[in-house]
Amino acid sequence: MLTLCQHAFLLLLLVISFIIPLFKIRYQCMNQTSRLFKPLFLLFFLTIISPKLLFAADGETLFKANCAACHKPDEHYVGPALKGAREREPEKGWVYKWVANASSMANTDPYAMKLKAEAGGVVMTSFPDLKKEDIDAILDWADKYEKPGAAKPGAGGAAAPAPETDNTILYGVLTLILAIVALILLQVNSNLKKLTDEKEGHRTAAPVPFYRNKAYLLLVVIFLFLLGGYFLVEGAMGLGRQKGYQPVQPIFYSHAVHAGVNQISCLYCHGGAQDSRHASIPSVNVCMNCHMAVKEYTGDPIKREDGTTVNANEEIQKLYKYAGWNPDTKTYDKPGKPIEWIKIHNLPAHVYFNHSQHVKVGQVACQTCHGEIQKMPEVHQFADLSMGWCINCHRTTNVQFNDNKGHGNNFYSIYEKFHEDIKNKKYDSVTVEKIGGTECQKCHY
Amino acid sequence: MNGMKKNNIIFSLFVLVSLCVAFQSCDSKREPGKIYMPDMAYSRAYVAYAPNNLASENIKYIPWPVEGTIRRGDLFPYILPNDSNGYKLSAQVKDPLPPLNSTQMKEAARLFNINCAICHGEKMDAQGPLSTGGKVPAVANLTLAQYIAMPVGTMFHSITYGKNNMGSYASQLSREQRWMVIQYIKAHQAGLNIATASSDANSASGTDSTKTK
Numbered sequence: 085m086l087t088l089c090q091h092a093f094l095l096l097l098l099v100i101s102f103i104i105p106l107f108k109i110r111y112q113c114m115n116q117t118s119r120l121f122k123p124l125f126l127l128f129f130l131t132i133i134s135p136k137l138l139f140a141a142d143g144e145t146l147f148k149a150n151c152a153a154c155h156k157p158d159e160h161y162v163g164p165a166l167k168g169a170r171e172r173e174p175e176k177g178w179v180y181k182w183v184a185n186a187s188s189m190a191n192t193d194p195y196a197m198k199l200k201a202e203a204g205g206v207v208m209t210s211f212p213d214l215k216k217e218d219i220d221a222i223l224d225w226a227d228k229y230e231k232p233g234a235a236k237p238g239a240g241g242a243a244a245p246a247p248e249t250d251n252t253i254l255y256g257v258l259t260l261i262l263a264i265v266a267l268i269l270l271q272v273n274s275n276l277k278k279l280t281d282e283k284e285g286h287r288t289a290a291p292v293p294f295y296r297n298k299a300y301l302l303l304v305v306i307f308l309f310l311l312g313g314y315f316l317v318e319g320a321m322g323l324g325r326q327k328g329y330q331p332v333q334p335i336f337y338s339h340a341v342h343a344g345v346n347q348i349s350c351l352y353c354h355g356g357a358q359d360s361r362h363a364s365i366p367s368v369n370v371c372m373n374c375h376m377a378v379k380e381y382t383g384d385p386i387k388r389e390d391g392t393t394v395n396a397n398e399e400i401q402k403l404y405k406y407a408g409w410n411p412d413t414k415t416y417d418k419p420g421k422p423i424e425w426i427k428i429h430n431l432p433a434h435v436y437f438n439h440s441q442h443v444k445v446g447q448v449a450c451q452t453c454h455g456e457i458q459k460m461p462e463v464h465q466f467a468d469l470s471m472g473w474c475i476n477c478h479r480t481t482n483v484q485f486n487d488n489k490g491h492g493n494n495f496y497s498i499y500e501k502f503h504e505d506i507k508n509k510k511y512d513s514v515t516v517e518k519i520g521g522t523e524c525q526k527c528h529y
Numbered sequence: 051m052n053g054m055k056k057n058n059i060i061f062s063l064f065v066l067v068s069l070c071v072a073f074q075s076c077d078s079k080r081e082p083g084k085i086y087m088p089d090m091a092y093s094r095a096y097v098a099y100a101p102n103n104l105a106s107e108n109i110k111y112i113p114w115p116v117e118g119t120i121r122r123g124d125l126f127p128y129i130l131p132n133d134s135n136g137y138k139l140s141a142q143v144k145d146p147l148p149p150l151n152s153t154q155m156k157e158a159a160r161l162f163n164i165n166c167a168i169c170h171g172e173k174m175d176a177q178g179p180l181s182t183g184g185k186v187p188a189v190a191n192l193t194l195a196q197y198i199a200m201p202v203g204t205m206f207h208s209i210t211y212g213k214n215n216m217g218s219y220a221s222q223l224s225r226e227q228r229w230m231v232i233q234y235i236k237a238h239q240a241g242l243n244i245a246t247a248s249s250d251a252n253s254a255s256g257t258d259s260t261k262t263k
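Going down the list, the sequences are from chains A and B. Just so we're on the same page, my numbering is the position in the first sequence counted from 1, plus 84. Just so we're on the same page, my numbering is the position in the second sequence counted from 1, plus 50.
Just so you know, these hints were derived from the structure itself, not from any lab. Beta carbons: idealized from backbone N, C-alpha and C, even for Gly.
If the Cβ cut is set under 10 Å, some of the chain A residues that face chain B in the computed set are:
id: 1; residue: F309
id: 2; residue: H362
id: 3; residue: S367
id: 4; residue: C374
id: 5; residue: H434
Covered stretches of chain A (chain B as the covering partner; in silico rule of three or more C-beta atoms under 8 Å from a C-beta of chain B):
id: 6; stretch: 322 to 329
id: 7; stretch: 351 to 358
id: 8; stretch: 376 to 382
id: 9; stretch: 422 to 433
Modelling step: build the complete structure from the supplied sequences, incorporating the hints.
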């Protein structure tokens with residue numbers, strides 16, 4: 085949940101909040117300490133309110149949010165591999181221009197035209213919101229990227245080890261050690277002070293036990309406040325969102341096998357996505373189109389999330405039971421019943437979403453919102469489906485107007501003003517926001 | 051006074067911690083999680099793919115259109131029955147669509163590549179991803195003479211009802227779409243500008259937003 089940077093930052097904050105007051109408090113009046121803590125509080129609120137401000141340049145996160153639908157760090161996907169992109173570019177800094185307005189450059193810049201031809205005529209979406217340092221962070225990350233282990237196609241992916249957990253423990257231990265060191269230093273300090281005081285003949289007050297020492301109490305309160313505030317905000321933002329939701333389905337259906345290994349188009353089963361509001365869950369007869377012939381599974385073993393192997397043949401038998409199909413006589417000899425798949429991607433009732441609007445008209449790839457479904461044995465919710473997530477995409481996604489060569493979508497021909505403005509070079513692309521994609525009534529009515 | 055202060059601190063800490071626990075406790079990815087306002091999140095009307103209790107409330111309704119209903123703008127229903135006699139008669143059924151223009155042909159190619167090519171192959175030579183691996187046996191090679199000679203009506207009959215290992219595609223392709231696909235197959239078989247048509251189709255599938263790879 086926490087990124088590495090956030091860990092490091094919180095740790096730093098903790099250590100500072102422990103150590104600085106320990107040494108300063110002794111030589112200042114108590115009412116001055118509050119002044120000391122003010123910047124700390126401020127820092128804390130900054131971490132909550134604007135994590136993006138502080139952790140802007142996390143290449144991997146940026147890559148996953150913006151590029152992963154079409155790029156891979158180390159191999160050609162829809163677009164070229166990002167590894168070494170800066171070594172290939174025709175001149176230094178070319179990539180910044182390209183990311184900011186790819187659509188216009190694709191028809192003028194020779195290297196861009198070459199890229200377009202290599203990608204089969206597909207042009208990258210422009211990302212004018214990505215800053216230079218963001219692009220650098222992404223490319224730095226891609227340059228350093230190494231494939232995690234020897235992942236087998238179809239079986240890999242899910243079983244990636246989680247280095248983040250290891251780091252959490254490491255940081256925890258470090259914090260503990262530093263805290264203990266700080267405590268010991270404090271004891272030493274106070275003992276020395278006591279000794280010098282006694283030597284100089286000062287009167288010393290009776291020692292206060294640490295659990296009644298106001299400085300300590302204050303520290304504990306601040307620590308708990310920081311910790312509690314962080315989790316409180318995280319938890320509150322998580323309410324109503326179900327990113328990562330991965331219910332157990334009635335049949336273990338592996339998208340990695342069907343859409344990945346067997347290369348079945350998403351629209352084969354979810355044909356509704358191009359015609360209607362719903363992507364539509366296929367009825368059992370669609371499964372049986374192939375499974376009349378495909379009676380057993382012979383591919384690589386399929387692993388569940390907990391690492392156990394799925395008995396795929398048993399799952400196919402479950403399908404036959406639902407369909408009422410007798411594989412021996414090759415007839416439907418029992419009454420069938422629908423499979424009650426569990427819907428993963430839920431939007432609240434007050435949000436209107438239409439698949440055909442995005443898939444057919446907007447030409448958005450399924451993977452943009454659903455993640456790399458073709459690599460998921462068990463599907464989980466990839467995007468958080470929050471309003472900010474929707475709006476961000478509407479702000480940055482370019483509308484694919486129909487051009488003279490017949491590329492793009494005829495639907496948008498009704499936006500004559502934009503066509504005129506583009507012709508007159510007022511701007512080179514129009515985002516979804518400009519055609520009303522962020523108006524409240526578009527989704528809430 | 052000191053005691054009261056301490057009580058206040060302890061109380062606020064308790065509230066904070068319990069709130070944290072409340073927010074964090076429902077973290078399992080197998081559960082859909084909690085929401086702020088149920089009456090805004092969950093629809094009171096029945097929604098698609100959600101269970102309903104109309105039957106238990108003794109409300110009578112027909113969940114599908116009356117038989118013989120024709121969707122606006124759709125072709126007339128196909129009336130031949132799914133038996134050997136119907137199969138024989140289907141040879142005389144004529145294609146109701148006018149010849150497709152190039153845009154429609156591209157769409158037909160896209161539909162073919164989504165629904166048919168996984169077995170029949172993009173080149174119609176039975177070299178699709180499912181047939182080459184031997185997962186689906188005995189896939190018709192549409193480039194063979196017998197399929198080139200096959201009447202369009204028989205093809206329509208087979209796509210509508212299924213044939214041998216092939217299932218019915220009536221739920222995935224509308225009547226018009228089925229005829230479009232047949233025109234695409236026939237055009238491909240006739241070798242009419244095969245090279246340009248299929249390369250167009252390939253580039254169309256290259257920009258297709260819903261492909262899996």
